[in-house]
Amino acid sequence: MNSVLADKRAIAILLGPALLVYTLITMVPVVWSFVLTFFKGNPLQGFDFAGIQNFQRLFTDSYVHDAFWFTVKYALLTSIGQVVLGYGLALLYMFVLKKSSSIVRTLVFFPVVLPTVAISLLYQKLFQSAPNDGLVNELLVNVGLSGVDWLGAGDTAFIVIIIMDVWRSMGFYGVLIFSGLLDIPEDIIESARMDGARFWSLFRHIILPMSLPILFASAIFSINGTVKVFDSVFALTGGGPGNSTTPLTLYMYRTAFQYSDYGYGSTIALLLTIMCLLITLLLFRSSRRDNTL
Amino acid sequence: MTELTAPLSSRRRASDNPVVKLAKRIPAFLVIVFLILITAYPLFWMVINSLKGKSDFLDNPSYALPEVWMWDNYARAWEVGNLGTTITNSIIVTIPSLVLIVILGTAAGFALEVMIWKGRGGVLLYVLAGIMIPGQMIILPLFTTFFSIGLVGSLWPLIIIYTAGGLPLTIFMMATYFRAIPREVFEASTLDGASILRSFRSVGFPMVRNAVLTVAIVQFFLIWNDLLIALIFAGQRKLNTIQVGLLNFSGEYGAIDYGPLFAAICITVGGILVLYLFLNQRIMKGLAAGAVKG
Amino acid sequence: MTTAHRPRAARGLLLTVGALSVATLALAGCAGGGSSAPEALTFLKNAENTTTEPILQALADDQCAAQEETLPLEISSVPQADLDAQVQLLASQNGLPVMFSAGGNPAEGAKLWDQGVILDLDEALTDLGVKDKIAPGAISTIEKLYGGAFNFLPFQYNIEGVFYNKALFEENGWEVPTTFDELTALSAEIQAAGYTPLSASGEQGWPLTRLISGYLFRDLGPDALKKVADGEAKLTDPEYVAAAQAIADLGAAGYFGQNVTSLDYDAATNEFLTGKAAMIYMGSWLLGNINGDGNQIGAENVGFFPYPAVEGGAGDIGQYPANVGLPATFGSKTYTPEVGEWLKCIAENYGNEAAEQGQITGFISDVEVEQNEVTATIADTIATSTDSVLWFEALFNAKASNISSTNAALLVTGQISAEEFMGLVQDALDNP
Numbered sequence: 001m002n003s004v005l006a007d008k009r010a011i012a013i014l015l016g017p018a019l020l021v022y023t024l025i026t027m028v029p030v031v032w033s034f035v036l037t038f039f040k041g042n043p044l045q046g047f048d049f050a051g052i053q054n055f056q057r058l059f060t061d062s063y064v065h066d067a068f069w070f071t072v073k074y075a076l077l078t079s080i081g082q083v084v085l086g087y088g089l090a091l092l093y094m095f096v097l098k099k100s101s102s103i104v105r106t107l108v109f110f111p112v113v114l115p116t117v118a119i120s121l122l123y124q125k126l127f128q129s130a131p132n133d134g135l136v137n138e139l140l141v142n143v144g145l146s147g148v149d150w151l152g153a154g155d156t157a158f159i160v161i162i163i164m165d166v167w168r169s170m171g172f173y174g175v176l177i178f179s180g181l182l183d184i185p186e187d188i189i190e191s192a193r194m195d196g197a198r199f200w201s202l203f204r205h206i207i208l209p210m211s212l213p214i215l216f217a218s219a220i221f222s223i224n225g226t227v228k229v230f231d232s233v234f235a236l237t238g239g240g241p242g243n244s245t246t247p248l249t250l251y252m253y254r255t256a257f258q259y260s261d262y263g264y265g266s267t268i269a270l271l272l273t274i275m276c277l278l279i280t281l282l283l284f285r286s287s288r289r290d291n292t293l
Numbered sequence: 001m002t003e004l005t006a007p008l009s010s011r012r013r014a015s016d017n018p019v020v021k022l023a024k025r026i027p028a029f030l031v032i033v034f035l036i037l038i039t040a041y042p043l044f045w046m047v048i049n050s051l052k053g054k055s056d057f058l059d060n061p062s063y064a065l066p067e068v069w070m071w072d073n074y075a076r077a078w079e080v081g082n083l084g085t086t087i088t089n090s091i092i093v094t095i096p097s098l099v100l101i102v103i104l105g106t107a108a109g110f111a112l113e114v115m116i117w118k119g120r121g122g123v124l125l126y127v128l129a130g131i132m133i134p135g136q137m138i139i140l141p142l143f144t145t146f147f148s149i150g151l152v153g154s155l156w157p158l159i160i161i162y163t164a165g166g167l168p169l170t171i172f173m174m175a176t177y178f179r180a181i182p183r184e185v186f187e188a189s190t191l192d193g194a195s196i197l198r199s200f201r202s203v204g205f206p207m208v209r210n211a212v213l214t215v216a217i218v219q220f221f222l223i224w225n226d227l228l229i230a231l232i233f234a235g236q237r238k239l240n241t242i243q244v245g246l247l248n249f250s251g252e253y254g255a256i257d258y259g260p261l262f263a264a265i266c267i268t269v270g271g272i273l274v275l276y277l278f279l280n281q282r283i284m285k286g287l288a289a290g291a292v293k294g
Numbered sequence: 001m002t003t004a005h006r007p008r009a010a011r012g013l014l015l016t017v018g019a020l021s022v023a024t025l026a027l028a029g030c031a032g033g034g035s036s037a038p039e040a041l042t043f044l045k046n047a048e049n050t051t052t053e054p055i056l057q058a059l060a061d062d063q064c065a066a067q068e069e070t071l072p073l074e075i076s077s078v079p080q081a082d083l084d085a086q087v088q089l090l091a092s093q094n095g096l097p098v099m100f101s102a103g104g105n106p107a108e109g110a111k112l113w114d115q116g117v118i119l120d121l122d123e124a125l126t127d128l129g130v131k132d133k134i135a136p137g138a139i140s141t142i143e144k145l146y147g148g149a150f151n152f153l154p155f156q157y158n159i160e161g162v163f164y165n166k167a168l169f170e171e172n173g174w175e176v177p178t179t180f181d182e183l184t185a186l187s188a189e190i191q192a193a194g195y196t197p198l199s200a201s202g203e204q205g206w207p208l209t210r211l212i213s214g215y216l217f218r219d220l221g222p223d224a225l226k227k228v229a230d231g232e233a234k235l236t237d238p239e240y241v242a243a244a245q246a247i248a249d250l251g252a253a254g255y256f257g258q259n260v261t262s263l264d265y266d267a268a269t270n271e272f273l274t275g276k277a278a279m280i281y282m283g284s285w286l287l288g289n290i291n292g293d294g295n296q297i298g299a300e301n302v303g304f305f306p307y308p309a310v311e312g313g314a315g316d317i318g319q320y321p322a323n324v325g326l327p328a329t330f331g332s333k334t335y336t337p338e339v340g341e342w343l344k345c346i347a348e349n350y351g352n353e354a355a356e357q358g359q360i361t362g363f364i365s366d367v368e369v370e371q372n373e374v375t376a377t378i379a380d381t382i383a384t385s386t387d388s389v390l391w392f393e394a395l396f397n398a399k400a401s402n403i404s405s406t407n408a409a410l411l412v413t414g415q416i417s418a419e420e421f422m423g424l425v426q427d428a429l430d431n432p
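Protein chains in written order, with full-length UniProt numbering: chain W, 1 to 293; chain C, 1 to 294; chain R, 1 to 432.
Calculated directly from the structure, the hints in this document are not laboratory data. For each residue, glycine too, the CB sits at the ideal point set by N, CA and C. Accuracy of the hints is not assured; some may be wrong.
What follows is a list of derived Cβ distance ranges for each label pair [what the hints assert, rightly or not]:
no.	chain 1	residue 1	chain 2	residue 2	range
1	R	Gly298	C	Leu279	51 to 59 Å
2	W	Asp187	C	Arg209	21 to 29 Å
3	C	Leu277	W	Glu190	27 to 35 Å
4	C	Ile26	R	Gly298	40 to 48 Å
5	W	Lys98	C	Val20	44 to 52 Å
Listed next, the in silico SDA-like pairs over lysine to any residue satisfying Cα-Cα at most 25 Å (straight line) [as the list claims (entries may be wrong)]:
no.	chain 1	residue 1	chain 2	residue 2
6	R	Lys333	R	Ala167
7	W	Lys8	C	Leu125
8	W	Lys125	C	Trp69
Not close to chain R: a few residues of chain C, all C-beta gaps over 12 Å, as computed [claimed, not checked]:
no.	residue
9	Leu30
10	Tyr41
11	Thr88
12	Arg120
13	Leu213
14	Val218
15	Gly271
Given only the sequences and the hints, what does the whole structure look like? Please build it.
Right, here's the structure in full:
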């Protein structure tokens, strides 16, 4: 029987094309870029061998240091926000709204459709403080607090970025996780819906464990997006003020494409890749353990 | 979350009394109103700002209604934003990429999770690594390669890169979905002499249709909203995608043509929204069908 | 989904991939070639520039119709943020268009010149006999910016200074300041009268750093930043830090208004054009807004004065900061006699066509157009000024330039000190 599922030709046909495209378009360029980490220069002026200079620089560069911690903080908070709120939404659809959840689901999903440019302008205006106060500051002033120059300082700009990115994608995670919850047997769902007191025990012992695969997939997906955050930060704050909201991707982009130092840019990208790999492996292993329990 | 579930946990005692039952639903109702408010507001905001003149936008609070309704912004948006071209390009790029991602990704996920062979774990990890590659990392080698084989100046680079970029996540997700299906299902389907390829097509693929939809939606928005790759490979006006085209509303020294920009966004988003509402029924039906079978 | 179709699924899949790679190869075969004689006047520009294209198009339709016949004009544009990278990538592949914009960061433009990929316009225009069609002031600015040679065309030519609200000044009896101390004193008065003295976009950053360079040029002389670029002086030297401190003091006194850090370009401009701010430091491109609909104070009420002198300084108030925007040039490898014909035609006619469209360029124009007072003031200044200076970031590398503009707002809001600011920029200059 195993011979059917071990048919070499079938495996080649099924896996071959994807693996080929992936290898040629992703992995070969990655290796190519890794090689560049040992060079200094750009395509215009040529590349010079630089040994491990780029790596030495990586560890002493205060901008890398700042960008690294910004990325870590941002990725953690945003991913937690996205998955937790997404799960909350999914449960809301499932247990409170039931069949009528479609319209709410669509509405909450809506921000995902918006281009980053639109969202960042919206948030710039919402959190505006000069020359006039935006909506948020007006609300603050109305309840007796003073307005804040949200995008004028790193800490507050960081908060705005997180709110923006959680807001724009929670509806998406809501639908993603909701579709995963649909795999939970109907009778369990029904009895949880009917019986408020049993809801918690059902939730803890059955629903939550059964949601773990989809939560885990969402977490991987989310952390992937957040570690590689680029568009939203670029459009909202441009990494500023100063470099206070510059993630590694933006610093890498600037280094390679604006400062024309492809070698060092690739080195930063390598750091980013390693970071991503470690996080995924960590999640991957922890999920395996959960599955066997 | 506690807010949302609170009315549920006390439902048993409350369920006898309709008034109490109603009262207990109020928090959930408030949550939903709040959700709708924070997500519908930007839509409203964009539409009203797409109808404002520049000084109106700058002088008055951005949530106020237009002083003069500038319908003209939409005509300007179409022209300046080059929307006819950019919408076409975005569609030309997105659809083939999506089809390729779904077909190649599902097949590979099937091969990696259902088929039995040595080294599957290794290959899965190799693919998983790809999820993590930042797009910036592969731009330079790809530009050089695509240029030397003459693809720069067409939309091919975008289709190829989006396909390759979407594969790892898709393969990984499909593998996860196939994991939930017992191998016996496929073995049984091949008993009547059908090849495993046929069984993938007739049994495997339909069983994960729900997941395919999810994956397609995920990838659609990633591709549709991409700016980084499109900037490098579709910078030329005739190749502009929607996202790149929106940059046409910025001036050289930092000025932005707000009204027409929002109008352009409304036009493009409106299209997607209609598509989404139209597909929504199908998507949800597909999801439900998947659930029944699962 | 019928049984008969199923075996084809996998084959179809393979075919798709196969077709794709064949298409790729076929396309690959067609291309290649490299830099043979161009068949069109391809022009790659920054999408944000909307003024050059209508003029070139008008020329192609009329004065340069013959050239258009042999080499049709084909304009494509990429976003400014991506232009330098794109040009660099194209240059490295020998794939530059015949004509292209470059050098948003002048240092990057100078690199192209050093690599020999752009045309020596001095030589080319002299050969064509039309070098006198370019304003000498513009040529001198270009030479200062792009590695000492005349290698870019000044499709735009801007000077910078302070635009002020004349009506407001007259009403309150304020005098145009001629020294920096007067400017400071005046700002205090304006602030007391309830207006923002100087509107500036902290979000953009450069409107603030230009105030620093203005101070440096007046205080230390027109070569102040050249010395920094050549390594003869450092931004961290006390006399340089003093300039940053002077601007930081303006910010500390609140002369840029509240929350300047997040004030964007349009909002800053609008503050001035709606009469809420009395002055704005800006380039002559602002004339477009001043003469446009958004101007609520009226074009006749706008005046222009040069950056004031610093007492005891080595600079002169007559030295205007000038720039050529994001200029365009020709590739050296695709420059054929036919392209030369185009260049000649552009040089001869661009100035007049631009003047008719109401633009100020670095090309000589001999048509009389009706101008309002402030436009005329600026046109005269450009025509008569003999010495120009650059701006703060002009000779910086891309990194220093970026760091300077992203940190400027932090300087004027006191989030970093003048020493720290200059230190950050100098550090980026030393470690590109």
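Exercise. Hey, does C:Gly271 actually stay past 12 Å from chain R on C-beta?
Worked result: Check passes; 22 Å lies beyond 12 Å.
Exercise. For C:Leu30, which was marked as not at the interface, is the minimum beta-carbon distance to chain R over 12 Å?
Worked result: With a cut-off of 12 Å, C:Leu30 remains clear of chain R, as the shortest Cβ separation is near 32 Å.
Exercise. Hey, W:Lys125 versus C:Trp69, does the alpha-carbon distance stay inside 25 Å?
Worked result: holds (20 Å)
For this session: Starting from the hint 51 to 59 Å, judge whether the C-beta atoms of R:Gly298 and C:Leu279 obey it.
Result: holds (53 Å)
Problem set entry | Holds or violated: W:Lys8 to C:Leu125, with C-alpha atoms at most 25 Å apart | At roughly 20 Å apart (the allowed maximum being 25 Å), C:Leu125 and W:Lys8 satisfy the hint.
Exercise. Can we trust that C:Arg120 is non-interface, i.e. its beta-carbon lies farther than 12 Å from all of chain R?
Worked result: Given a closest Cβ separation of 19 Å, the condition holds.
Problem set entry | Outcome for the supplied range 44 to 52 Å, where the beta carbon pair is W:Lys98 and C:Val20 | violated (20 Å)
Exercise. Is the nearest CB of chain R more than 12 Å from the CB of C:Tyr41?
Worked result: holds (21 Å)
Exercise. So does C:Leu277 sit 27 to 35 Å from W:Glu190, Cβ to Cβ?
Worked result: holds (29 Å)
For this session: Check the following: the C-beta atoms of C:Ile26 and R:Gly298 are separated by a distance inside 40 to 48 Å.
Result: At 56 Å between Cβs, range violated.
For this session: Quickly compare the C-alpha distance for R:Lys333 and R:Ala167 to 25 Å and report which way the hint goes.
Result: violated (54 Å)
Problem set entry | Non-interface label on C:Val218, tested against every C-beta of chain R at 12 Å | holds (21 Å)
Hint compliance for this structure: hints 4, 5 and 6 are broken, all remaining hints hold.
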